[in-house]
Amino acid sequence: MWWYTCKRLLQGLVTVWFIATATFIGMHNVPGDPLSGERATNAAIRANLEARYGLDRPVTEQYFIYMGNMLRGDFGISYTQQNREVNDIIREHFPVSATLGILAVMFAALGGILWGALTALYRNRLPDYIIMFLVILGISVPSFVFAALGQLGLVNLNSLTGVSILPVAGWGTVSHMLLPAMVLGLGTMAYMTRLMRSSMLEVMSSDYIRTARAKGLSPTRIFTRHQLRNAVLPVITVLGPAIAAITTGGFVVELVFAIPGLGRYFVQAVQQLDYTVIMGTTVFYGAFLVFMVILVDLVYGWIDPRVRLQ
Amino acid sequence: MENNPIIRRLRPADFETLTGRSSAPALVRPSRSYWQDAWGRLKANKRAIVSLFIIIGLLVFTFIGPLVWRVNPSLQDIDQISIAPGADRRAVIVEPFVAWDGISGITSSEDADLWLAEAPTTQSVRLKWRTVPGAEGYRIYRNIYEPQDEFSLGLPLITINNANLNYYEDRLDLSPQTYYYSVAEINDLGQLTGDYETVSADVQRVITVHEASQRNLVDDPSTLRPGDDVLLSWHPLGTDYLGRDMLARLMAGARVSLFIGLLAPLFFVAFGVLYGATSGFVGGRVDAMMMRFADFVVALPFLLFMILFQVVFGIGPGESGILPMLVALIILSWPATARLVRGQILQIREEAYVSAARLLGASSQYLILRHMIPNTLGVILVTLTFAVPAAIFTEAFLSFIGMGVAPPTASWGSMCNEGLKTMLTHPHELIFPAVMISITVLAFNLLGDGLRDALDAKMRSTE
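Here the protein sequences line up with chains E and C, keeping their order.
Heads up: the first sequence runs through residues 817 to 1126, numbered per this note's numbering.
Heads up: the second sequence runs through residues 69 to 531, numbered per this note's numbering.
Since the hints were made in silico from the structure, they are not lab data.
It cannot be assumed that every hint is accurate.
[Claimed, not checked] Pair by pair, the computed Cβ-Cβ distance ranges are: (1) C:I441 with E:R888: 29 to 35 Å; (2) E:T977 with C:L225: 52 to 58 Å; (3) C:A180 with E:V979: 30 to 36 Å; (4) E:T876 with C:A424: 57 to 63 Å; (5) C:L310 with E:T977: 30 to 36 Å.
On a predicted model such as this, the values are computed, not experimentally measured, just so you know.
For glycine and all other residues, C-beta sits at the position ideal for the given N, C-alpha and C.
If we strip away everything but chain E, and leave its shape as in the complex, we get:
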């Protein structure tokens, strides 16, 4: 297990290094440079500015400076918001995204397990058909459509009842978080429901369930102790990709609901070509996603010893 953990972490570090390097090379190849603005600068001023920002040095040296800064956790200063460090932006806005993401993952996982188990128990009966239809819908509709339609629905609901049931946009209280988290988790929940259903059906037809039933255990005990616990395992494996999907889905949900999360800043930076913010947040997000997937894999190995043996 220790060897496996070390190997995975090392692989993760290599991936993050690659992301950082690719970001550097990519940003260097963007046409134009930070100093070419609308006003023409004369050659002397330009040379001075380049020297000031280290842009006159060879690309390899710039690369080592960039990597050194990144290792020290210094992502530089935003281009469009001159007084803000990229670090500050991440520190200030990532907790918002993380709160939203954690809520969404919880909503997706709990909902997926619940609905999946329910459809398996009611297999080929009305509840199964209804939920599976909704699941296919949930997989097929993009999160930004859910976000927009959810907001539209809420506006109409609020104006119909005359009272503000939930706020339509913004951030601050728990009531602000509910709808965005649900919308964000919906696609993943649909996917997890599907997975849970097939895993549950597989467990239900296995020998040890028959044994348990033959022993005379009560259906509730069989369901909670034998079926649910075994069927949940595959759902945990997709938690890694689910976190990735919810993190990137957060970009658009934050945009639609005007939530001051890092995702919205990232999209804004991309639209405004705020190079330092793009570089910083890409590397940050990349590292976050890579290590989240590794973490989920390690947790899975800890829960299910069979994986460790492979």
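Knowing the structure of chain E, use the given hints to seat chain C on it.
Leaving out everything else, chain C in the frame of chain E:
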């Protein structure tokens, strides 16, 4: 073999040619190939067949639609901005616009403090009010909802710092709907005193003879007289916030979405098959290295790299973002197929029927053509079908955040993004592209489910 006593003892003479009919059971049903069998199973799956028809319909919509509906998707119809589908498209012919001196029209009113001097049209709305003694000036507001109090008067049009002025003409971006105009009294600091009057105006769509002839709405403009009705151009699904035809834009957007959605999977699945098959065939150290590289590509955060790629290569007007998106999708998506195909090849290589064929003297070429390809083709086809909605999703996502095609080119994702801004007042601009994306993805997903059930017994979902 040579030491086996039985084999050594047997001679050709020991065998006797079989005569008469064999007692083997006759085949009652006709022999069916794998593909005939799969097609039969697919046909029995209603959802898959319906999806197949939807996909065919979408292709017709995308490729034949623009031949039937020949409206330029970038053309702006400034008379009909953000109109809903099936909206009234009548317009009344009026005289060309003449500036208003504030004197003509209904100059006084007995029962109201604020009134419309003339019938409100899209050309102009002319307001007149009774001056308030002691007021320092007025501020004019316009709203599309009825104001409830002095804080919901709407869009401030102008501030008039002259207490004696008693008329205003609004020509700002009028569309045929009901507006609520409010004239509020302001004090010497320019603040509202809380005293205001509201009047509603049902604006009628009008057009001048010159405009009608310029837009080819009638054959012979010389016969038009003020007061005549003309029909503006027809938009079956309405127009967007710039007055562009929604149907034409949906067709143009479908071209972009399906181009990415069909071409990218085709390329990356093909590359994945080649890569995976090579890796599986060669085996050994090369296989381990190739798979290590595939694992590395899988570990990269997908959408993050797509965005990065678009930032570096995809910026420019119009459709310039499509090609980088295609390339990035291919670069990042092939490993899943490669892994799958490699697994299949390794598995099939060990199958008993392959060993049997080899024992019968089959060549490698025969094995590949007869056993490897037909047995992996099903899995590849299923992967391909599921890759299409994933690619369409990615395109829509990137276009939605503004990293796909640039205006004026339409794609379903960018149309959703534009529709979001006018969602509350004109929901059709968001709903149509959103429904198109959802239906397309749904159809490909259901077809993929059906194909998987029909083609691959092992992957069949437990239903």
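Outcome of the hint check:
Hint check: I441 of chain C to R888 of chain E, Cβ distance near 54 Å, so the stated range 29 to 35 Å is violated. In this structure, T977 of chain E and L225 of chain C break the distance hint of 52 to 58 Å, their C-beta atoms being roughly 33 Å apart. Range check, A180 of chain C to V979 of chain E: about 34 Å between beta-carbon atoms, so the 30 to 36 Å window is met. At roughly 59 Å, the beta-carbon separation of T876 of chain E and A424 of chain C lies within the given 57 to 63 Å, and the hint holds.
Against the hinted window of 30 to 36 Å, the Cβ-Cβ separation of L310 of chain C and T977 of chain E comes to about 34 Å, which satisfies the hint.
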